[in-house]
Amino acid sequence: MAEKIVEKKDFSGKTVKVLDETYEPGIPDAKDNWRMKIGSRDSNMMFLKTSQRYWYSDDWYGSEKRK
Amino acid sequence: MSEDKVKSVDKATLLMLEKARKDGVSTIFDRADDMKPCPIGAVGSCCKHCSMGPCRVPMPKKEGAEQKVGLCGATPATIAARNFVRMIAAGSAAHSDHSRDVVEVFLSAAKGEIPGYQIKDEHKLIGMAMDYGIDVEGKEIKDIAIELGEKCQLEFGKQEGKLLGLNKAPDKRKEIWEKEGVWPRGIDREVVEVMHRTHMGVDQDYKTLIIQGTKAALADGWSGSMMSTDLQDIMFDVPSPVYSEINLGVIKKEMVNIIVNGHEPLISEMIVVASQDPEIVEYAKSKGAEGVQVSGMCCTGNEILLRHGVPLAGNFLQQELSIVTGAVDAMVVDVQCIMQSLQSVSKCYHTKLITVSPKGNIPEAEKFEFDEHDALNSAKNIVKAAIDNFPNRKSEVLIPEVKSGLVAGFSHETIDYLLGGMFRASYKPLNDNIINGRIRGIAGVVGCNNVRTTHDDQHLKLIKELIKNDVIVLTTGCSAAACGKAGLLTPEAAKEFAGPGLAEVCETVGIPPVLHMGACVDNSRILIAATAVVKEGGLGDDISDLPAAGAAPEWMSEKAIAIGQYFVASGVYTVFGTAFPTLGSKEFTDYLFNGIEEQFGGKWDFVEDPVEMAKKMIEHIDKKRKELGIDKARERVLFDMEKRRELA
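Residue numbers (my numbering), protein chains in the order written: chain X, 287 to 353; chain F, 295 to 942.
Mixed in with the good hints there might be a few duds.
What the hints assert, rightly or not - Pairwise CB distance ranges (calculated):
no.	chain 1	residue 1	chain 2	residue 2	range
1	X	Lys323	F	Glu431	22 to 30 Å
2	F	Lys456	X	Met322	46 to 54 Å
3	X	Ile313	F	Lys653	48 to 56 Å
4	X	Lys323	F	Pro657	44 to 52 Å
Claimed, not checked - Calculated pairs, DSSO-like style, for lysine-lysine (alpha carbon to alpha carbon, straight line, at most 30 Å):
no.	chain 1	residue 1	chain 2	residue 2
5	F	Lys789	X	Lys290
6	X	Lys303	F	Lys762
7	F	Lys462	X	Lys323
8	X	Lys317	F	Lys462
9	X	Lys317	F	Lys579
10	F	Lys414	X	Lys323
11	X	Lys317	F	Lys547
12	F	Lys456	X	Lys335
13	F	Lys433	X	Lys323
14	F	Lys433	X	Lys335
15	X	Lys294	F	Lys926
16	F	Lys456	X	Lys303
17	X	Lys335	F	Lys414
18	F	Lys762	X	Lys294
19	X	Lys317	F	Lys414
20	F	Lys722	X	Lys323
21	X	Lys317	F	Lys789
22	F	Lys722	X	Lys335
23	X	Lys295	F	Lys722
24	F	Lys414	F	Lys445
25	F	Lys926	X	Lys300
26	F	Lys316	X	Lys317
27	F	Lys762	F	Lys909
28	F	Lys688	F	Lys316
29	X	Lys323	F	Lys436
30	X	Lys300	F	Lys789
31	F	Lys405	X	Lys323
32	F	Lys305	X	Lys295
33	F	Lys722	X	Lys294
34	X	Lys300	F	Lys436
35	X	Lys294	F	Lys789
36	F	Lys466	X	Lys335
37	X	Lys317	F	Lys926
38	X	Lys317	F	Lys722
39	X	Lys295	F	Lys789
40	F	Lys445	X	Lys323
Worth flagging that the hints you see were computed from the coordinates, not collected in a lab. Where is the CB? At the ideal position from N, CA and C, for every residue including glycine.
Model the full assembly from the supplied sequences, consistent with the hints where possible.
Shown next as structure tokens:
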């Protein structure tokens, strides 16, 4: 898909050229089953300890641990 | 037609009401006109717990006049509280008994006894097994699943100890539950104890009655419902974004139309599979149809929408109207929120009403015994019955050409993924955008339809007002369906309806401003998402610290009261609309609307006007933002090297 460049104003009001949306138009014909990317059981344990760290990480799970 | 304008804001509903009137079919909308709710029962002032009554104890008409009590001396507060906690018990029982069925099927699937069902998401299985204290190291998936299924089964009948599901809550919340003595022991035990305490002459103090009601509610939200959600995800997939369509326009004239209605996905999942079987499609063609179209209704519909993109024909108040199209060849119903009138409406057309749950029976409906051990063939038999009925269409078929596109499937895991990808899935971007003010707060808007108010109108007015004010909305159940019909469940809706901050975040992430998280048992997903926000950090230590609020503007079922109570007991300000079942007792209502906050950090409220409801929710969100110190933009200070050295 060709990149589209559009003009927008930055925080100072100056006009800048930025990359526009890059997604394909239309409606998907299947769902995006991202869970397939998790992979093997070992990588699942890693996934749980990082992405789901709020419940499964021993060494860091956000504000509660910092206290 | 003008009369119907106040019945619904949904065009398809109004068109079908007109057809129903022409066809001489009575619907819930007509019956609501003919029968008004009992004003004493509606506010919880009627006690029928013994045969000396029913005792009616309305508030005195004049201030200072003597307050009536029941024959046994029960005060309005006791009567209202008993009625209220019985509603909680019924709601918790409904969700949790659904869960029991799911656990039984899961365990049989794990043992390999029912080939139609399998463990689809091993990743979630391992996580859930760890939640239940199972050592997964080196164990086969099958063994982990069996151990998990057995542990889940024990949660229902446990007599002592603590339900395990509540361990997922923030630490501070768990301390509150411990302090208040509301950590439930076993799901069944808490429901049974509500029924005992509310029997004539047992617990006559609203403060202890509500403690027991809270135990039953927490046993629902953090255990029964959560177990259903998680095990269904393991068997049928964790929902991820899927495009589909909604409203009565998804019914197709040339196809055999099957509508699955109710709440349990166990059978409807198989019906979806069976309907796509080439042998079944051929059979449908042999009867003159182009194929088989399965559509959902109510929460069974939400379950298969989220996981497979099966279109949703509508929400609770549209179940009769789908039959009025004349094009529904079978409506398959399981449990909860199914109107008995479906049978009489079906009789006016050719529709076959099929019950499939041993618990959900309707006189004169066709009963199919669903055999889990031969699930696919059982489902095929149901689909074949619908196909056989296709040639029997007798009345004029009129399908409203009204439907909308939507994106559903925002499980809490998917939200985590969308915010950070596989490399670092995280709730941090959400927290950061709440802290920087682009997103003002989070609202959970859930619940039913209620014919006593304009269909879908309260949901839509409330949600539009919230997103306009940069509040992101998480939705489930019939509320989600209302949003879908109004086009709020698409990413494009952010541009049209959301405030600038929320719209910017939605555009960046590519999500709608209203996220469809599932059926009503999936309100447990909202609890987990809220917990993730707390645990990520920066927005307090507990759910009650979050700039968040909940609402059920068109609630009607006892399940909604159970849901409301577990949200309040989890620290959420929760507002209900349409009616509130304790208003007959000022004392008990004052406690629910104010006093309970001191114990749990959350409280109930009742507001009829949806815009006013949004205003109160936003006021609460702003109050929490102020308490967190994120109500004003802070001055940005650029540190030079010297200042950085001082920090070290």
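Tested hints:
no.	hint	in the structure
1	X:Lys323 / F:Glu431: 22 to 30 Å	holds (24 Å)
2	F:Lys456 / X:Met322: 46 to 54 Å	violated (36 Å)
3	X:Ile313 / F:Lys653: 48 to 56 Å	violated (38 Å)
4	X:Lys323 / F:Pro657: 44 to 52 Å	holds (50 Å)
5	F:Lys789 / X:Lys290	holds (20 Å)
6	X:Lys303 / F:Lys762	holds (29 Å)
7	F:Lys462 / X:Lys323	holds (25 Å)
8	X:Lys317 / F:Lys462	holds (29 Å)
9	X:Lys317 / F:Lys579	holds (28 Å)
10	F:Lys414 / X:Lys323	holds (14 Å)
11	X:Lys317 / F:Lys547	holds (26 Å)
12	F:Lys456 / X:Lys335	holds (25 Å)
13	F:Lys433 / X:Lys323	holds (22 Å)
14	F:Lys433 / X:Lys335	holds (18 Å)
15	X:Lys294 / F:Lys926	holds (27 Å)
16	F:Lys456 / X:Lys303	violated (59 Å)
17	X:Lys335 / F:Lys414	holds (21 Å)
18	F:Lys762 / X:Lys294	holds (24 Å)
19	X:Lys317 / F:Lys414	holds (16 Å)
20	F:Lys722 / X:Lys323	holds (21 Å)
21	X:Lys317 / F:Lys789	holds (23 Å)
22	F:Lys722 / X:Lys335	holds (16 Å)
23	X:Lys295 / F:Lys722	holds (27 Å)
24	F:Lys414 / F:Lys445	holds (20 Å)
25	F:Lys926 / X:Lys300	holds (27 Å)
26	F:Lys316 / X:Lys317	violated (41 Å)
27	F:Lys762 / F:Lys909	holds (12 Å)
28	F:Lys688 / F:Lys316	holds (15 Å)
29	X:Lys323 / F:Lys436	holds (22 Å)
30	X:Lys300 / F:Lys789	holds (24 Å)
31	F:Lys405 / X:Lys323	holds (27 Å)
32	F:Lys305 / X:Lys295	violated (41 Å)
33	F:Lys722 / X:Lys294	holds (27 Å)
34	X:Lys300 / F:Lys436	violated (61 Å)
35	X:Lys294 / F:Lys789	holds (17 Å)
36	F:Lys466 / X:Lys335	holds (22 Å)
37	X:Lys317 / F:Lys926	violated (40 Å)
38	X:Lys317 / F:Lys722	holds (25 Å)
39	X:Lys295 / F:Lys789	holds (18 Å)
40	F:Lys445 / X:Lys323	holds (29 Å)
Hint compliance for this structure: hints 2, 3, 16, 26, 32, 34, 37 are not met, and every other hint is.
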